[in-house]
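Participant: One letter stands for each residue in the lines below.
Number of protein chains: 2
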Amino acid sequence: MNNYQLKTIGTVRNDSTGAFIELEPEYIPALQALEGFSHINVLWWFSGCDNVQMRSVLETQQPYKGAPEKMGIFATRSPMRPNPIALTAVEIIQIDYERGIIQITFIDAMDGTPVLDIKPYTPSLDRVETPGVPEWCSQWPKCTEDSGDFDWEAVFNF
Amino acid sequence: MNNYQLKTIGTVRNDSTGAFIELEPEYIPALQALEGFSHINVLWWFSGCDNVQMRSVLETQQPYKGAPEKMGIFATRSPMRPNPIALTAVEIIQIDYERGIIQITFIDAMDGTPVLDIKPYTPSLDRVETPGVPEWCSQWPKCTEDSGDFDWEAVFNF
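Listed in order, the protein sequences are those of chains G and U. Just so you know, we're using the working numbering here: the first sequence kicks off at 178 and counts up by one. Just so you know, we're using the working numbering here: the second sequence kicks off at 178 and counts up by one.
Worth double-checking, as some hints may not be accurate.
Repeated chains share a single entry, so a pair holds when one copy, or any two copies, can fit it.
To be verified - Cut-off 25 Å, straight-line C-alpha distance, at most; resulting in silico cross-link-like pairs (DMTMM-like, lysine to aspartate or glutamate): (1) 242 with 328; (2) 247 with 268; (3) 242 with 203; (4) 242 with 201; (5) 319 with 275; (6) 184 with 323; (7) 319 with 192; (8) 247 with 326; (9) 184 with 268; (10) 319 with 273; (11) 184 with 236; (12) 319 with 288; (13) 184 with 312; (14) 184 with 326; (15) 242 with 192; (16) 247 with 212; (17) 184 with 328; (18) 184 with 227; (19) 319 with 227; (20) 319 with 306; (21) 184 with 322; (22) 242 with 288; (23) 247 with 322; (24) 247 with 306; (25) 184 with 306.
For the record, the hints were derived by calculation from the structure and aren't laboratory data.
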């Protein structure tokens, strides 16, 4: 029924020297002409959640403060989901086109995480001017630029 | 080296009656509590481009008017890419939680297209307030709301 083959196109490097997307050498030509885009959408693999148990989770108990008592996984950004594909819009600092390394300001992925795809953040496709959100998260930041200073620990029910 | 298993969680329905995401019955519980979000990010499979030849394409010749003569695939939204995963931010019209069907305003996927994941469009993660773009696409719409009225045929080099 399902026959999808994925390839690792790169790896997240995330340590004291910074955050980077490091391409597999064979994919370096695919980076050309990315200059000018300030952000990219990175698709990566929640490798820590790739097991039968975590991938069978469909509901979760109030993952955020004030949220509904029970939420479906497709209403959350939980890493435990049927297909553990993560999406992060990240800001580019600089690109080394020779070595195939993109330095970024931040990514919520651990060092060594497999990367599946990179797409330019294209405002006409990716930027919703006035998105609606539920009341329970209406106080969250309205854009990525404001997220860094937000007290996320205050909203997650960990 | 690569061992990723993906599941089809739903299917795009796109015909004269409208555009819909129809979940596989087993995943219907995962939709709970999506209400309040105006948009979702849909990850789907470019099934028409899932073959060895198209997946080996790393460069393309000036896909958009005024763009660089040669562009890397990771600088484009081309469906021909190493992992043919598509990302579309779509606007929700209504959700049938019983039948697991999300009616949406529009999606650039054909009827029958496999869906891999649904995530709530979360402004703090997905909405860049002031994204930078290259000069050659600086006249493209600045947000999804303005894309419907834009003359896309004038910018693609098909």
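Participant: Given identical chains, is residue 184 near residue 323, meaning Cα to Cα at most 25 Å, within a copy, between copies, both, or neither?
Facilitator: neither (33 Å within a copy, 34 Å between copies)
Participant: Is it within a copy, between copies, both, or neither that the alpha carbon of residue 184 lies no farther than 25 Å from that of residue 236?
Facilitator: So residue 184 and residue 236 pass the 25 Å test across copies only (17 Å; inside, 29 Å).
Participant: When no copy is named, should residue 242 and residue 201 be tagged within, between, both, or neither for a Cα gap of at most 25 Å?
Facilitator: This pair counts as neither: shortest intra-copy Cα distance 40 Å, inter-copy 30 Å.
Participant: For residue 184 vs residue 322, is the C-alpha pair at or below 25 Å within one copy, between two copies, both, or neither?
Facilitator: Intra 31 Å, inter 33 Å, cutoff 25 Å: neither.
Participant: At most 25 Å between C-alpha atoms: does residue 319 with residue 306 qualify within a copy, between copies, both, or neither?
Facilitator: both (10 Å within a copy, 8 Å between copies)
Participant: At 25 Å max between alpha carbons, let me know whether residue 319 reaches residue 192 within a copy, between copies, both or neither.
Facilitator: For residue 319 and residue 192, neither the intra-copy (28 Å) nor the inter-copy (34 Å) Cα distance is at most 25 Å.
Participant: For residue 247 vs residue 268, is the C-alpha pair at or below 25 Å within one copy, between two copies, both, or neither?
Facilitator: between (33 Å within a copy, 23 Å between copies)
Participant: What label fits residue 184 with residue 312 when the C-alpha limit is 25 Å: within, between, both, or neither?
Facilitator: The answer is neither: 39 Å in one copy and 32 Å across copies each exceed 25 Å.
Participant: How would you classify residue 184 and residue 227 at a CA-CA limit of 25 Å: within, between, both, or neither?
Facilitator: both (15 Å within a copy, 12 Å between copies)
Participant: For residue 247 and residue 326, with the copy left unspecified, which applies at a CA distance of at most 25 Å: within, between, both, or neither?
Facilitator: Neither, since 28 Å and 39 Å both go past 25 Å.
Participant: Given a CA cutoff of 25 Å, do residue 247 and residue 212 count as a within-copy pair, a between-copy pair, both, or neither?
Facilitator: between (43 Å within a copy, 13 Å between copies)
Participant: Given a CA cutoff of 25 Å, do residue 319 and residue 275 count as a within-copy pair, a between-copy pair, both, or neither?
Facilitator: neither (36 Å within a copy, 31 Å between copies)
The structure fails hints 3, 4, 5, 6, 7, 8, 10, 12, 13, 14, 15, 17, 19, 21, 22, 23, 24 and 25 (numbered hints given earlier, in ascending order).
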